[in-house]
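S.K.: As a plain string of letters, each chain reads:
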Amino acid sequence: MSQARGCALELPPEDVAAWAADGEPVTGVDMPAHVATCPACQAVMAAVAGSDEVGVALRRAGAAAPAAVSQRAAGRIQVERTAGALAAALADAAGRVARAAVDYLVPQHRRDE
Amino acid sequence: MESVLAASQESVVAAHLQQISDDELVVRARDRGDGAALDELLRRHRDTAYRVALRICLDPAEAEDIAQESLVRAWRSLSRFRGDAAFATWLYRITTNTALKRTGRRRDVTMAELPEAPGPDLDPATRVVQRERLAVATAALASLTAEQRACWVLREVEGLSYEQLSEVLGLTLPAVKGRLFRARAELTAALARYDRGGPTKDAVTDDNSTTATPASNTATEANPVTNSANEESP
Numbered sequence: 001m002s003q004a005r006g007c008a009l010e011l012p013p014e015d016v017a018a019w020a021a022d023g024e025p026v027t028g029v030d031m032p033a034h035v036a037t038c039p040a041c042q043a044v045m046a047a048v049a050g051s052d053e054v055g056v057a058l059r060r061a062g063a064a065a066p067a068a069v070s071q072r073a074a075g076r077i078q079v080e081r082t083a084g085a086l087a088a089a090l091a092d093a094a095g096r097v098a099r100a101a102v103d104y105l106v107p108q109h110r111r112d113e
Numbered sequence: 001m002e003s004v005l006a007a008s009q010e011s012v013v014a015a016h017l018q019q020i021s022d023d024e025l026v027v028r029a030r031d032r033g034d035g036a037a038l039d040e041l042l043r044r045h046r047d048t049a050y051r052v053a054l055r056i057c058l059d060p061a062e063a064e065d066i067a068q069e070s071l072v073r074a075w076r077s078l079s080r081f082r083g084d085a086a087f088a089t090w091l092y093r094i095t096t097n098t099a100l101k102r103t104g105r106r107r108d109v110t111m112a113e114l115p116e117a118p119g120p121d122l123d124p125a126t127r128v129v130q131r132e133r134l135a136v137a138t139a140a141l142a143s144l145t146a147e148q149r150a151c152w153v154l155r156e157v158e159g160l161s162y163e164q165l166s167e168v169l170g171l172t173l174p175a176v177k178g179r180l181f182r183a184r185a186e187l188t189a190a191l192a193r194y195d196r197g198g199p200t201k202d203a204v205t206d207d208n209s210t211t212a213t214p215a216s217n218t219a220t221e222a223n224p225v226t227n228s229a230n231e232e233s234p
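Each protein sequence line maps, in turn, to chains A and B.
Under the numbering used here, residues 1 to 113 are what the first sequence spells out, in order.
Under the numbering used here, residues 1 to 234 are what the second sequence spells out, in order.
Since the hints were made in silico from the structure, they are not lab data.
Note that the coordinates shown come from a computational prediction; the quantities given were computed from them, not determined experimentally.
Positions of the beta carbon are idealized from the N, C-alpha and C atoms, including for glycine.
Accuracy of the hints is not assured; some may be wrong.
Claimed, not checked - Rough simulated footprint, nothing fancy, chain B against chain A, three-plus residues with beta-carbon under 8 Å: (1) 47-54; (2) 65-75; (3) 84-96; (4) 101-109.
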């Protein structure tokens with residue numbers, strides 16, 4: 001894993017960034033005290049500062065799906081359900097025909113013997 | 001008269017279904033074949049599926065297809081859904097995987113959609129700047145890999161925790177942190193270039209349609225870090 005250039009604790013920059021952006025803890029390190037005296041970690045923090053404003057703006061903008069999305073999904077599901085039920089019915093019918101054929105043919109075969 | 005009664009009954013059922021939890025809807029749709037419960041489940045989560053798909057693939061038409069496909073896949077897999085995670089988290093995983101599979105790891109994403117302008121309480125000049133900054137940021141997002149973008153979207157826009165990101169994306173926590181770091185650094189660098197008045201990596205065209213160039217190492221240009229996070233081997 002990479003490390004922030006010059007960090008005395010050799011902290012990975014992604015850990016420093018996760019702490020700075022989301023408060024993710026770094027095990028065994030008092031981060032506020034460390035970054036206050038570590039130019040390398042301060043640089044990492046600066047490298048990701050401000051990116052959250054984009055997330056805020058996108059959250060605010062939202063994005064509603066057209067109703068057709070779920071309607072089309074429901075339609076496909078209905079088709080698959082119907083197809084599944086039909087396949088099951090056909091398999092059941094085929095099984096019954098096969099059993100009837102066996103019931104008819106086996107006694108006949110015995111008679112022929 | 002009968003049709004009026006039936007319509008009234010349907011609306012009562014629909015109103016009732018809106019009150020019950022996702023888990024209960026899943027049970028009804030899966031175990032009892034309750035079509036109304038399934039419709040409510042699809043309706044309730046279609047925005048989430050579409051939003052995540054749109055932010056990952058950056059194409060509204062493609063996002064519609066991905067959202068639809070994800071909802072159908074979720075239904076097909078309902079029998080395997082055991083409720084260990086929330087239904088929404090499970091759907092995030094299906095949608096993200098579907099979007100990543102369709103978008104792949106390519107970086108040449110064509111953007112057809114830009115975020116809406118911020119709220120009306122800003123003066124026009126500030127709104128223009130905000131909109132330009134968002135366009136720059138969106139172009140920077142388009143230059144990321146789909147996986148980096150998915151990670152950033154699920155964290156910053158959808159608000160998933162690191163543990164949820166790890167579960168949804170099937171990545172280790174260090175890998176999640178690495179992808180987020182790269183994405184954030186790329187965005188910060190792009191915004192910094194815009195604020196300095198310098199050329200942005202991806203120019204925004206008049207028709208709001210931008211094609212991102214293959215990603216250069218802009219994040220590391222801006223970052224005084226020895227090596228960027230190795231995302232291929234977490």
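S.K.: State for each hint whether it applies.
M.R.: The hints, checked one at a time:
1. 47-54: holds (count 8)
2. 65-75: holds (count 9)
3. 84-96: It is violated, with 0 qualifying residues against the three required.
4. 101-109: violated (count 0)
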